[in-house]
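There are 2 protein chains.
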Amino acid sequence: MTKPMQVVGIGNALVDVIAEADDAFLDRMNVERGIMQLIDTDRAVELYAAMGPGREVSGGSAANTIAGLAALGARTAYVGKVKDDQLGAIFAHDLRAQGAGYATPPTPKAHAAETGRCLVLVSPDGERSMNTYLGVSEFLGPDDIDESQMARAEWIFLEGYRFDGPDSHAAFAKAIKACKAAGGKVAITLSDPFCVERHRDAFLAMIRADVDLLMANEHELKSLYLTDDLEAAIGRARAEVPVTACTVGARGAHLIAGATRAHAPAVAAQVVDATGAGDLFGAGLLWGVVTGRDWTDCLRMGNVAAAEVIGHLGARPEADLAALFAEAGLG
Amino acid sequence: MTKPMQVVGIGNALVDVIAEADDAFLDRMNVERGIMQLIDTDRAVELYAAMGPGREVSGGSAANTIAGLAALGARTAYVGKVKDDQLGAIFAHDLRAQGAGYATPPTPKAHAAETGRCLVLVSPDGERSMNTYLGVSEFLGPDDIDESQMARAEWIFLEGYRFDGPDSHAAFAKAIKACKAAGGKVAITLSDPFCVERHRDAFLAMIRADVDLLMANEHELKSLYLTDDLEAAIGRARAEVPVTACTVGARGAHLIAGATRAHAPAVAAQVVDATGAGDLFGAGLLWGVVTGRDWTDCLRMGNVAAAEVIGHLGARPEADLAALFAEAGLG
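If you read the protein sequences in the order shown, they are chains A and B.
Position 130 of the first sequence, counting from 1, maps to 130 under the working numbering, and the rest follow consecutively.
Position 266 of the second sequence, counting from 1, maps to 597 under the working numbering, and the rest follow consecutively.
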């Protein structure tokens, strides 16, 4: 299936504001460690005023995946909403400069909300606690979906976080319909265990009806199927989805496709900032999929890409991923 | 001389947009390697569109010095103009979060220009080529100078780059007068050899009349005195300024104060991004000065702080400078 686009991603268009923070600060500011919390404008102002000097790097989960795919040379594009403001211009520039298409029109200056951002607090051990002010990214709706773009894609890749926006369910439905009608496939990432908690029924309905590739980490997959038993969750996914990829932290990643099961160990890395590990795992995995690699190679590519991104601050790749693949014997 | 403020810096308030770029790109885009070029809006748009994905870190030469001093625990503040926009908010946050005072009111949203930024292109060898769109930072004038703040400062620290703004000469004069009238002292950095070339007479007039501490690198000092002979330039500075600190790259730094002369070797560092080396040298040196260290220790502190900042992308310190001083026997 060769189409003009290999992967089109849809998600929350965010700029990350990254600062270091110790446990005392996280406790004092009531920040939950290791997960993504949605915050409103007042909380964003309060938290930003209290946190240390930051650095800004374009982020957004699916956008990070698409940036990784673009860095690998994939024909790829992204759909997500920014505003016509400075952070929106930065977000758009960084995706396009990486080689990804990005044509979602920015929300006009008159809109009350701004481009969304994620205040990422990185602990001394590299754990990241994300505090997301969605801004205009929340308002992604069906009008932002270009059906012809979806029809041109081998895969569309949907970010679970976007289930937090009511209009985005309709946007996803429109994208899925256009993609599938043209013979394309649908991948989704569950994004976050608490996001799964908030939208379990919607996730399950979509997964059962339309998803060809489900990506999750173990916590998300267990949350989806309301079980503490990872193998039970994998069994449920196996029955409902053609392919499930499930990362299990330092134990690597599993892939389940009907009767086939693959595993690849994690790639050793000094964790500087865990932000983007799942996103870049997705980039590596999807690159394997669209270039026709076997499942084990797909997982290994995911693990190599994830290891690169956790070795530095920020969730976009900095090293040459293709060179890292070649070094790992995946060239 | 104990005053409420140890150092108040005045300069161009900029956010750095940092991207990697190879020589072929610099050639194709007519970027001069290793220096600072002023660019207009059209050129900023053209260069930004062509350059790779960036990361944004607050910058501005004197602001970097003040951030370094604040990180060391100095009583310090900064004067420089941003706009009431997102990059301006980032700049203000990062200085205040570091512990520096910053009270210059932002230029209102209605102003045509935006917060200034510097497109920093980092070569594989760590050399940085800076392309500065001054934006509203250019309009720093006498009205932005609070004479009572200058009177409360043991030192004011003037950024040579600001000589590029006509109103800023008057701002500097107002600041110097208020500072000196209250018994304070004046430090200046020459910033860049081409900036010296543009404003040699103004630099010399100020240096002869008012400067107590002159900071420069060897290229800037030779440009100031129109000579290729560093020792000749040092001799001229010795006759005109109470104290001159001159960095000489990998050969370290010299300090000349009348009949006294000190030298400290450079601190070995893996150069990732040379941006901010001179700014953080200034922070270490001034920290030594305001804490009463001898000249050799002042130079060594400057060299340790410079080595920290060139070891990572961005011109603001990331490691604990006080801990690095202690490790170097400067605790």
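Since the hints were derived computationally from the structure, they do not count as laboratory data.
Watch out, some of these pointers could steer you wrong.
Simulated coverage check for chain A against chain B, where a stretch passes if three residues somewhere in it have a Cβ under 8 Å from a Cβ of chain B [said to hold, decoys possible]:
| id | segment |
| --- | --- |
| 1 | 38 to 51 |
| 2 | 55 to 63 |
| 3 | 81 to 92 |
Glycine included, C-beta positions come from ideal geometry on N, C-alpha and C.
Fill in: Broken hints, by number
none
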